[in-house]
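One line per chain: the protein sequences are A and B, in this order. Numbers 1 to 609, taken from this note's numbering, label the letters of the first sequence in order. Numbers 610 to 688, taken from this note's numbering, label the letters of the second sequence in order.
The hints are simulated quantities; they were obtained by calculation from the structure and are not laboratory data. Using N, Cα and C, we set each Cβ at its ideal position, and we do this for glycine too. Do not rely on the hints blindly, as some may be mistaken.
Stretch-level coverage of chain B by chain A, calculated; a stretch enters the list once three of its residues show a Cβ under 8 Å from a Cβ in chain A [said to hold, decoys possible]:
1. 627 to 640
2. 644 to 656
What follows is a list of derived Cβ distance ranges for each label pair [unchecked claim]:
3. 651/B to 218/A: 33 to 43 Å
4. 277/A to 651/B: 21 to 31 Å
5. 629/B to 386/A: 48 to 58 Å
6. 26/A to 621/B: 40 to 50 Å
7. 644/B to 424/A: 52 to 62 Å
8. 666/B to 597/A: 53 to 63 Å
9. 629/B to 24/A: 35 to 45 Å
10. 607/A to 661/B: 41 to 51 Å
11. 298/A to 661/B: 31 to 41 Å
12. 484/A to 644/B: 22 to 32 Å
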Amino acid sequence: MAWHEKILRVDLTKGTCQAEPLNMEWAAQYIGSRGLASKYLAAEMDPKADPLSPGNVLIFATGPLTGTSAATGGRYTVVTKGALTNAIACSNSGGYWGGELRLAGWDMVLVTGKSKKPVYLNIEDDKAELLDAKGFVWGQSVWQTEALIKERHQDPRIRVASIGRAGETLARYACIVNDLDRAAGRSGVGAVMGSKNLKAIAVRGTSGVQVKDSDAFHAAVTAARAKLDPSDDRAGLAASGTISMLDITQSFGSLPTRNNRDVQFEGTDKIGAAAMVAKRRSDGQPNLIANKACFSCTIGCGRVSKMDPSHFAVKGNKRYKEASGGLEYESIYALGPMVGVDDIDAATYANYICNEEGMDPISFGSTLAAAMELYDVGAIGDKETGGLKLEFGSAEALVKGVELAGLGEGFGADLGLGAKLLCEKYGKPDLAMVVKGQEFPGYDGRSMQGMALAYATSNRGACHLKADPYGDDFDGGPIEGKAEIVYSSQNAVAAVDSSGLCLFPMAVWDLGDVASQLEAACGGGWTAERLAETGERIWNLERRFNLDAGLSAKDDTLPKRILKEALKSGSGKGKVAELDKMLPAYYEMRGWDDEGVPTTQTLQRLSML
Amino acid sequence: MKIIVKTVALRPPAPPNAERVIELPDGAMVADAISQLGLARPDSQATLLNDETVPAGRRAATALKAGDILTVFPPIKGG
Numbered sequence: 001m002a003w004h005e006k007i008l009r010v011d012l013t014k015g016t017c018q019a020e021p022l023n024m025e026w027a028a029q030y031i032g033s034r035g036l037a038s039k040y041l042a043a044e045m046d047p048k049a050d051p052l053s054p055g056n057v058l059i060f061a062t063g064p065l066t067g068t069s070a071a072t073g074g075r076y077t078v079v080t081k082g083a084l085t086n087a088i089a090c091s092n093s094g095g096y097w098g099g100e101l102r103l104a105g106w107d108m109v110l111v112t113g114k115s116k117k118p119v120y121l122n123i124e125d126d127k128a129e130l131l132d133a134k135g136f137v138w139g140q141s142v143w144q145t146e147a148l149i150k151e152r153h154q155d156p157r158i159r160v161a162s163i164g165r166a167g168e169t170l171a172r173y174a175c176i177v178n179d180l181d182r183a184a185g186r187s188g189v190g191a192v193m194g195s196k197n198l199k200a201i202a203v204r205g206t207s208g209v210q211v212k213d214s215d216a217f218h219a220a221v222t223a224a225r226a227k228l229d230p231s232d233d234r235a236g237l238a239a240s241g242t243i244s245m246l247d248i249t250q251s252f253g254s255l256p257t258r259n260n261r262d263v264q265f266e267g268t269d270k271i272g273a274a275a276m277v278a279k280r281r282s283d284g285q286p287n288l289i290a291n292k293a294c295f296s297c298t299i300g301c302g303r304v305s306k307m308d309p310s311h312f313a314v315k316g317n318k319r320y321k322e323a324s325g326g327l328e329y330e331s332i333y334a335l336g337p338m339v340g341v342d343d344i345d346a347a348t349y350a351n352y353i354c355n356e357e358g359m360d361p362i363s364f365g366s367t368l369a370a371a372m373e374l375y376d377v378g379a380i381g382d383k384e385t386g387g388l389k390l391e392f393g394s395a396e397a398l399v400k401g402v403e404l405a406g407l408g409e410g411f412g413a414d415l416g417l418g419a420k421l422l423c424e425k426y427g428k429p430d431l432a433m434v435v436k437g438q439e440f441p442g443y444d445g446r447s448m449q450g451m452a453l454a455y456a457t458s459n460r461g462a463c464h465l466k467a468d469p470y471g472d473d474f475d476g477g478p479i480e481g482k483a484e485i486v487y488s489s490q491n492a493v494a495a496v497d498s499s500g501l502c503l504f505p506m507a508v509w510d511l512g513d514v515a516s517q518l519e520a521a522c523g524g525g526w527t528a529e530r531l532a533e534t535g536e537r538i539w540n541l542e543r544r545f546n547l548d549a550g551l552s553a554k555d556d557t558l559p560k561r562i563l564k565e566a567l568k569s570g571s572g573k574g575k576v577a578e579l580d581k582m583l584p585a586y587y588e589m590r591g592w593d594d595e596g597v598p599t600t601q602t603l604q605r606l607s608m609l
Numbered sequence: 610m611k612i613i614v615k616t617v618a619l620r621p622p623a624p625p626n627a628e629r630v631i632e633l634p635d636g637a638m639v640a641d642a643i644s645q646l647g648l649a650r651p652d653s654q655a656t657l658l659n660d661e662t663v664p665a666g667r668r669a670a671t672a673l674k675a676g677d678i679l680t681v682f683p684p685i686k687g688g
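Bound conformation, chain A alone:
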């Protein structure tokens, strides 16, 4: 079967690394990755613990299909209590790190406690040890850390997941970056890693993953690829990545602009998919120079960009003139329209810095947008910003702001608080476009009502990836149908997230395609129906963690702006988010009481008692 049945337990307080068996009863109930790690988290820690305290647990978890030949089977999830949200965090990443961990013979790395001094974890197949990071990679960026570790251990095929200086300085939305520009991006998992004095996990594996029935697995993978590979959806992602969404949300009127004051941005032509491939006047080259794929991926949605060498942000700074990870929809939304900036090179630069210093570009951009509105309404001024003119539309403010936030210096320390704490600090909590402390992705819930419900109910705070209301929202589906769409897609996504696969093939796959690959790899009777039920179990597990952490139904809400201020343009003109109509139906569908607590009957049905 595809599991190695082996966990690496790292106790940073004691400085020990030990192998232990994977709990296979839990794997049958929660699959792997997001689901299984959430089960471990709930069992291992007090949900009320401060996320930045040694009592928090940090888990790097693969799924049973991670490291296999299943298309997109390279994903892993970081599960912990989020520094940004005080809620459960499950932050999923691609690249090659997750596959490498499986090739080294491990299913999961579970990190507890806090090291007295900065360390990094080095894994070479079944050997794991904690090594001193002080005077070596502590204080270095993500990019420097990866290069230094490969150089020290004399192996260019080592895969590194690390934090940058944003994680070291505990920026609330610090992320964990692997393979230079792939990230477990959301909810502040990098700040948790920084709080534990853990700089990086380097891994090199030379074994493989043994599936249960190799012939059946090959047939299942081939059948799934026969759907995915020739599809328009795959071709679109390979050609344009996710950035095509910018033209759609602009047309639809759901593109958050200037801290959600608007939902259409006058500068999209300068920063969208067409702009990425247009040749520049300065050097005749386009921003986008190639696409790239993660482990075992047949899509290749990743962007590789080169900035305009004459742009003010990179003058005299050679490393930013090299090719690096480019803009995706979420990053261009947050580093463009959300802050009112129409400069594709400034946004590309800001995205580079987010990768280099380990920050979630969604949260950074949205936090900067909140700071710009605070500046605009006079809640902060040059005294607070250190002279930085935080004006909407200022590329200079974007460039300087990201540099300061990456290092935690000057006003960057305030930016590192995230939008919620920043706006509370300056007496304007309503200006934070957040749910459960996490900043909005690139969709406004007033014109996409299903997304409004998805944001409000997401266990990790505002998120575009934990439900799939897109098709119905764009088709103008009725409010009455939103609860069912969000409920069922949340369950499906939870199951896929837990398998080790990416969500993107689900544009053409259904849960049956996932189940057939999982069953051939692991056995145990996986079907589409069982995956949906397992996803529902995972959702309720996460919900119970949050309730135990102190969250409640009052946290299933949206900012006042989204609930009270009607849209001025687009398909949602005149509308606000109708959460009051959707949420009760959603609770009822979930089998939760009026306070959003799973009933005993629901927990019994899901075998959770």
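Assemble the complex: chain A is given as a structure, and chain B must be docked to it using the hints.
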């Protein structure tokens, strides 16, 4: 009658971001306009008529008038 059609983020051979005028008989419906565009999967696209969504199930019964702006785009998922 003449209406304006905007195609957004569509894959080739459809123009990705384009605007054009098409001519339709009086009384034509949204579905009639979409069928003229030569799209590979016309039923799987999302549509806006003058900034109002037109659900797939209502396109055959939604009448057009001269000067309307019809926007057509693929309902892709985010990432």
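Okay, the hints, checked on the actual structure:
no.	hint	in the structure
1	627 to 640	violated (count 0)
2	644 to 656	holds (count 3)
3	651/B to 218/A: 33 to 43 Å	36 Å, holds
4	277/A to 651/B: 21 to 31 Å	26 Å, holds
5	629/B to 386/A: 48 to 58 Å	51 Å, holds
6	26/A to 621/B: 40 to 50 Å	47 Å, holds
7	644/B to 424/A: 52 to 62 Å	54 Å, holds
8	666/B to 597/A: 53 to 63 Å	37 Å, violated
9	629/B to 24/A: 35 to 45 Å	59 Å, violated
10	607/A to 661/B: 41 to 51 Å	46 Å, holds
11	298/A to 661/B: 31 to 41 Å	38 Å, holds
12	484/A to 644/B: 22 to 32 Å	31 Å, holds
Taken one by one, the earlier hints fail for this structure at numbers 1, 8 and 9, listed in ascending order.
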